[in-house]
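Protein chains: 2
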Amino acid sequence: MKFGRLGVGVKVLAFTASLLFAAQAFPQADPLPSWNDGVAKTAILAFVKDTTTQGSPKFVSPAERVATFDQDGTLWVEHPIYTQVMFVLESVPALVKAKPELAKVAPYSTVLELLKGDRAAMAKLTEADLFKLLAATSTGMPVETFQAEARKWIAEAKHPRLKKPYTELTYLPMQEVLKYLRDNGYKTYIVTGGGQDFVRVYSEKTYGIPPEQVVGSAGGTTYGYGKDGKPFLTKEPKLLLNDNNAGKPEAIHLMIGRRPNMSVGNSTGDRQMLEYTKAGDGARLSMLVLHDDAKREYAYGPAQGLADTKVGTFSPQLYAEATKQGWTVISMKSDWKKIFAFE
Amino acid sequence: MKFGRLGVGVKVLAFTASLLFAAQAFPQADPLPSWNDGVAKTAILAFVKDTTTQGSPKFVSPAERVATFDQDGTLWVEHPIYTQVMFVLESVPALVKAKPELAKVAPYSTVLELLKGDRAAMAKLTEADLFKLLAATSTGMPVETFQAEARKWIAEAKHPRLKKPYTELTYLPMQEVLKYLRDNGYKTYIVTGGGQDFVRVYSEKTYGIPPEQVVGSAGGTTYGYGKDGKPFLTKEPKLLLNDNNAGKPEAIHLMIGRRPNMSVGNSTGDRQMLEYTKAGDGARLSMLVLHDDAKREYAYGPAQGLADTKVGTFSPQLYAEATKQGWTVISMKSDWKKIFAFE
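Listed in order, the protein sequences are those of chains Y and A.
According to my numbering, the first sequence holds residues 51 to 393 in order.
According to my numbering, the second sequence holds residues 51 to 393 in order.
By construction, these hints were calculated from the structure, which means they are not laboratory data.
A few of these clues could be false.
Listed next, the stretches of chain Y that the computed footprint assigns to chain A, with coverage defined by at least 3 CB atoms under 8 Å from CB atoms of chain A [what the hints assert, rightly or not]:
1) 94–102
2) 162–173
3) 248–260
4) 278–286
5) 304–313
These numbers come from a predicted model, not from an experiment.
Built from N, CA and C at the ideal position, the CB exists for glycine as well.
With the hints as extra help, turn the sequences into a complete structure.
Put into structure tokens, the structure is as follows:
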């Protein structure tokens, strides 16, 4: 080894060392810059400090750090209609084009009216209709075909009021929490009532959450062989996991096998996940997002006199339970400086 | 900043730099020291090189690197009886103690004979009996109770012939492959016909594979509340996932959502997983472990005239498919210098 080369190496290393010293001399940047100071922000910072500081009585080893997030209404906008329901509705014209006999048959005819601007048509669609539409547009095909269609739609579709692609309608403060948790050794998961296969298509790019960390409602698949002898999986219209209510902790056990240290939700469908998380030993943080900002986003649930709404149901009981069980309520209006990155 | 302190820092850094230079000057250590040179070892090294070298046409981005391993007969010994079946059988005395009325009822009475040394009793147990025993010993309790019982058993139980704890009966060459893949950015998964909840208890300590990367046969759970109002999950005797045969690729899609780049199995229950893996684009490696070393482990399947055996079924068709589809066969006798770490 030549002395000259080593000399350059030492200079570079000394410079690197001075940067390291400098970094230590200044306070760390705020990891949650879009959050106003308040109970919610303090709770998140305290939770991370308690669970990641060596020697803390509430320390959690890095391998065991799990945080689970509902998606619709918790990580991104769910009004006026869940994004995946929009995908299903907007997939109907292509379906009708392929099978013209469906054009005059409900619920397909109802959806065609709805897409022409007849908003009242939405009220006619029952939950059974939606499941029928979901089965017709999202099953009976190879998983790769579904993934390609969902990927194409999500790249092009826009929110009717906010006029932005859905993937830009994620909440910036929640993106900061996801990143902050990951920077502190947490595995972040989406645990959604939405379809697992749908959310997995964009989760990595949109949230930095890989497909294997998306737990959602899931239909079965069937293994079979194509004409070329190659094996493939077909999506079946058979519900395997209903990832809502009690289904959330049950699916967390199936898919993750650990009780989360932290969970965030916003509706009655998240109640059991928040309870299950909070009931664990040590530091556990359960949080509930309150939609109380009609101007920047939407106000519904308790912000509208605690009335139930069809999307993002948030009952008076849920709000009462948050207080009783020590869940931290996040007010979008008061706690968040910015809601979206594009603001 | 004092000059003296910086001077010490520079010396330390220069020393570190010299270590780095030294490391680069020597060839990398063999990542698979327990493997003899041969087709199998070459295939693994080539696969990792092809998929992890920037600019290679078969390069796979780190986030997409997935390798799936069957457990019984692939990562550890499965003869003479699957480890989990031993756990179920050895849990029967405690069950009978709690419910003495079962002592004279089959299949419990048959198991008690078996545990007293009556080997012929094993042949009397049907698959339905085993499921009944599994339900009686491993369900109807909180998941934490099951985990504590399984953890206690696996810490104490020993293999009847090899006289070692089961967790020491993992194959050293496969442990090297798991580590080598992880060192190269792969996520390693167990995809087992065995019970997910059972394997998850020891997978992290035994294989370095965390519970959330164990995919297995799984029963449902039910969310409920204890007398203290605290929520918990109860294990139910209802099969949710049968992670064998076509169930393996189906469960891989459900739990991981990506087609594996590499899979290793040893029996007909792994056939579809190996097919599914190999049918993907780019570099895909499917491997089949051949049990042909009666002295150091066991010889069965094709090593015994291609006969089916009750444990680790390996049909002539499977061996023929390996050749036809380009799966790489691993001969335990020829490819492995050592089978166990304790040898």
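Okay, the hints, checked on the actual structure:
Only residues whose beta carbon comes within less than 8 Å of a beta carbon in chain A count, and the region 94–102 of chain Y has 0; fewer than three means the coverage is violated. Counting residues of the region 162–173 of chain Y whose beta carbon lies closer than 8 Å to any beta carbon of chain A gives 0, which falls short of the minimum of three for the stated coverage. Judged by the Cβ-Cβ criterion of 8 Å, the region 248–260 of chain Y is covered by chain A as claimed, because 3 of its residues qualify and three suffice. By the rule of at least three residues with a Cβ nearer than 8 Å to a Cβ of chain A, the coverage given for the region 278–286 of chain Y holds, with 4 such residues.
Using a Cβ-Cβ cut-off of 8 Å, 5 residues of the region 304–313 of chain Y lie near chain A, which meets the minimum of three, so the contact claim holds.
Hints 1, 2, counting from the list given before, are not met by this structure.
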